[in-house]
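Protein chains: 4
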Amino acid sequence: MSTTVSRTPKTIRSAMSRSTPSTVTVFGQDLVAMLGTVNLGDFAYLELFKRLPDERESTLFNALVVTLVEHGVTPSAIAARMTYLGAPESLQGAVASGILGLGNTFVGTIEGAAKICQERLPQSGADRISADERMSDEQINALAEGIVAEYSTDKRMIPGLGHPVHKPVDPRAQKLLRLGRELGFDDSSSRLVEALSRIASERSGRVLPVNATGAIGALASTLGVPAHVARGLGVMARAIGLVGHLLEEKADPIATTVWNRIEAEVSES
Amino acid sequence: MSTTVSRTPKTIRSAMSRSTPSTVTVFGQDLVAMLGTVNLGDFAYLELFKRLPDERESTLFNALVVTLVEHGVTPSAIAARMTYLGAPESLQGAVASGILGLGNTFVGTIEGAAKICQERLPQSGADRISADERMSDEQINALAEGIVAEYSTDKRMIPGLGHPVHKPVDPRAQKLLRLGRELGFDDSSSRLVEALSRIASERSGRVLPVNATGAIGALASTLGVPAHVARGLGVMARAIGLVGHLLEEKADPIATTVWNRIEAEVSES
Amino acid sequence: MSTTVSRTPKTIRSAMSRSTPSTVTVFGQDLVAMLGTVNLGDFAYLELFKRLPDERESTLFNALVVTLVEHGVTPSAIAARMTYLGAPESLQGAVASGILGLGNTFVGTIEGAAKICQERLPQSGADRISADERMSDEQINALAEGIVAEYSTDKRMIPGLGHPVHKPVDPRAQKLLRLGRELGFDDSSSRLVEALSRIASERSGRVLPVNATGAIGALASTLGVPAHVARGLGVMARAIGLVGHLLEEKADPIATTVWNRIEAEVSES
Amino acid sequence: MSTTVSRTPKTIRSAMSRSTPSTVTVFGQDLVAMLGTVNLGDFAYLELFKRLPDERESTLFNALVVTLVEHGVTPSAIAARMTYLGAPESLQGAVASGILGLGNTFVGTIEGAAKICQERLPQSGADRISADERMSDEQINALAEGIVAEYSTDKRMIPGLGHPVHKPVDPRAQKLLRLGRELGFDDSSSRLVEALSRIASERSGRVLPVNATGAIGALASTLGVPAHVARGLGVMARAIGLVGHLLEEKADPIATTVWNRIEAEVSES
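Chains as they are written, first to last, in my numbering: chain A, 3 to 271; chain B, 3 to 271; chain C, 3 to 271; chain D, 3 to 271.
Bear in mind the hints are in silico, worked out from the structure with no lab data behind them.
Worth double-checking, as some hints may not be accurate.
It does not matter which identical chain is used: a pair holds within one copy or between any two.
[Stated by the list, open to error] Heads up, simulated EDC-like pairs for lysine to aspartate or glutamate below, C-alpha to C-alpha not over 16 Å straight-line:
no., residue 1, residue 2
1, K177, D189
2, K177, D32
3, K12, E265
Please read all numbers here as calculations on a predicted model, not as lab measurements.
Take these sequences, add in the hints, and give me the full structure.
In structure tokens form, the structure reads like this:
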């Protein structure tokens with residue numbers, strides 16, 4: 003433990019932000035100059051990559067996070083609305099309560115899909131490989147065959163595939179994957195998740211489209227978002243959506259009805 | 003209580019999102035069509051106002067939330083980093099921990115400034131009053147004189163004024179207020195907070211510039227964000243910034259050092 | 003702001019706990035000696051009062067917090083279970099999510115009842131007044147008449163009165179109030195909430211028994227718990243109950259069913 | 003996914019609590035009868051085991067959770083105090099913020115130690131094995147030898163061993179392990195963690211006493227707390243301690259000083 007202590011940095015430092023009386027910089031960029039020119043998604047990119055995105059990175063990154071903002075009355079939104087009923091004085095507490103459900107079950111599938119792309123594809127990440135280093139479709143297919151077999155043996159679901167409503171394709175995933183290609187990004191990760199979808203569907207006899215989290219996991223890998231940070235995309239996006247849910251809850255509440263119904267059913271059980 | 007129950011909606015409903023196998027709509031807008039064209043700030047606007055912003059609303063709204071993303075190693079960021087040290091398995095928990103500190107002390111000043119604008123100015127809100135209904139500078143000054151006197155009597159600080167570092171002006175506030183004017187928005191709220199700054203500075207003999215939260219409170223009122231939702235702007239923005247802090251904490255940690263130093267000092271006290 | 007800074011303590015200190023290689027003390031008490039002799043409620047008392055309770059304080063304090071542990075499938079428990087569905091990797095996150103709903107609406111009524119007792123009764127607090135300083139029943143009644151009239155004028159509910167199920171008496175409140183008397187505590191606070199219940203019931207023509215939070219607010223005041231900390235009793239107790247709910251949720255889950263039903267109803271609305 | 007849905011329970015039910023106008027039961031026990039006789043730790047036991055503890059279970063269980071309440075100004079307490087500075091209106095938010103840090107790094111070691119006991123020892127759990135089924139000291143030693151070798155090969159730390167301050171023994175662990183024996187519980191789990199400590203110390207040449215979390219992991223296994231719930235003991239205990247920290251923070255604040263110092267150091271870096 004003394005070793006641990008001595009290994010920790012002696013100086014407390016952060017490179018994120020600097021202020022003088024007349025300036026504020028964020029990762030070396032002049033904040034004041036960015037106001038009015040940089041949108042929220044681009045600023046989120048700056049927080050993750052320490053630089054602003056170019057135009058096509060901006061388009062793809064904003065599309066990925068926009069996809070994650072609003073998924074209707076999910077468990078996360080239900081938790082936030084229940085919390086707001088009990089503590090209306092604390093909007094931040096209700097949002098926090100909803101964010102806490104963005105874990106392994108839901109947002110974790112982005113992480114899972116990103117992990118597959120980042121661990122199995124050589125040098126994944128935006129354009130960091132030359133065209134002739136890219137895997138051919140045959141290579142991608144062989145890779146996908148192996149992964150499907152592996153998950154099948156372990157009786158595990160491949161993250162990022164399948165959807166209860168969006169069948170036979172998830173229109174959000176389809177759009178995001180197309181967008182990545184139209185913008186000219188390397189599509190190795192996209193081809194991998196598409197191959198996984200095709201092969202897993204054939205093997206299982208079920209309809210297993212690439213879903214939104216699968217596409218986001220693949221394209222986040224293309225942009226260079228490390229897998230361990232991928233769920234952060236969901237967290238930042240959903241914080242926005244949860245504020246929207248609390249606005250609706252205030253105007254047209256459902257929490258008391260949900261509670262009353264559950265309580266009535268429980269007391270009869 | 004039975005009254006309470008009967009007053010609650012019988013039906014659980016939400017107008018936020020709808021899905022069919024091949025479509026997703028958010029507040030009636032086609033989500034798939036928005037991917038690649040709508041940025042994250044505009045989508046946040048959609049969550050709050052149930053419609054997309056026009057171009058100048060987009061510019062101003064994005065500027066307001068961008069201002070709130072990153073304020074350095076604040077108490078909120080310290081809490082998030084401390085939590086990440088203890089629970090690295092749960093990025094969402096660390097972000098939630100940081101969000102919980104966005105309450106009355108810090109983000110509440112946006113709410114306070116917005117409240118003053120929305121309660122004291124007739125028909126505040128984006129362009130909802132005709133030009134000849136707008137208050138003259140003399141009227142705004144008289145209003146501000148009254149508010150400063152009132153707060154002075156109650157020995158309360160006027161929210162949105164003063165800054166420990168940014169003196170004699172807060173460059174972020176200055177930029178935001180100018181941006182609102184350049185975009186052609188009604189500047190009644192802006193004139194009010196500027197008058198409050200001028201009069202409060204004179205009365206107190208201290209330098210009390212409009213600060214970032216004061217400008218955001220005024221301009222959020224101009225855009226029509228209700229005061230009770232104003233802290234939601236801070237929550238959604240800071241969720242983004244906190245993901246950035248956790249990325250830095252993972253790469254270049256400070257939490258253990260902070261903890262060791264505090265513990266050492268406490269044990270000597 | 004520089005004033006603020008200079009007013010803050012220069013030294014970081016805490017009187018709560020001290021460790022040497024062979025000892026640990028908490029508020030000056032030997033922790034090791036307390037293990038096996040002090041129960042969890044008594045230790046909670048130590049955290050609040052910096053000393054261990056005597057026997058009757060122990061009995062009453064444990065009864066108060068035990069009352070708050072388990073209230074069935076409340077909004078707080080629903081939020082925790084929803085969060086656990088999304089993030090099963092983080093039991094602490096699910097408990098935190100449930101705790102966040104312990105705000106003004108529910109646990110705040112303890113605070114409200116305590117506030118009435120502590121602000122309206124002279125020298126409230128355990129036995130800190132001599133017998134002949136205690137208010138007579140007539141004085142308590144007159145005080146209660148005034149409070150009921152005041153709340154009625156403001157159209158506010160008196161905190162700690164009324165219950166949807168427990169009528170005409172709340173058996174938990176009845177037991178706690180009796181326990182306080184049997185243990186020989188000053189019953190001024192208890193007489194006050196009982197008088198409020200009687201007078202408010204008469205005035206309104208409704209059955210408004212002292213409920214559990216009303217009795218706890220009164221008796222917490224008797225023990226000397228400051229009103230602003232009263233909701234802390236609910237927080238510490240419910241953290242225990244929420245762990246119980248998550249155990250049940252793991253063994254016999256309801257969160258997915260709740261979610262599916264809400265989603266089905268919303269999509270038909 | 004449709005399979006998932008159809009496998010979920012159709013009925014929403016909970017066996018935890020029932021209310022009639024004049025009664026409340028928790029796990030079938032009369033709550034009113036328990037007020038004044040059952041302490042908070044025993045009630046926590048009821049939440050976990052669906053029955054009240056007998057006397058020796060009560061003593062050991064209360065000792066385990068009392069050990070976890072107060073560990074001084076830990077990262078968890080720092081997070082709670084920072085959050086309270088920003089949101090003093092929400093005591094529950096500050097406690098939640100502190101609870102969120104009770105994850106894999108700190109409280110997770112209880113889980114890790116419990117897992118070793120529960121996976122490696124046959125039929126672990128309170129007295130569920132007859133005396134002649136218990137492992138001999140030789141068998142325990144052989145088991146421990148294997149575990150130490152395994153962890154050493156994987157270069158992993160054995161959870162529950164070692165402490166930066168409490169050397170050569172952790173007085174809390176020593177007391178808890180002795181208490182378990184004095185109360186007559188099967189000591190197989192205790193012997194296992196003690197053997198691990200002895201062998202790991204020998205192998206590594208470092209002083210690696212059983213620490214508090216190691217002893218709690220072992221004795222929680224003896225009592226029959228499943229490993230996946232073990233961190234719940236920490237969560238319920240620390241919620242109590244965090245309320246204590248917020249009381250101290252209100253009376254004698256440190257958060258602003260910590261923040262100012264960090265900010266000053268960061269801005270010089």
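These are the hints, each one checked on the structure:
1. K177 - D189: For K177 and D189, the Cα distance is within 16 Å only inside one copy (14 Å; across copies 41 Å).
2. K177 - D32: between (34 Å within a copy, 12 Å between copies)
3. K12 - E265: between (54 Å within a copy, 15 Å between copies)
Against the hints set out earlier in the document, no violation occurs for any number.
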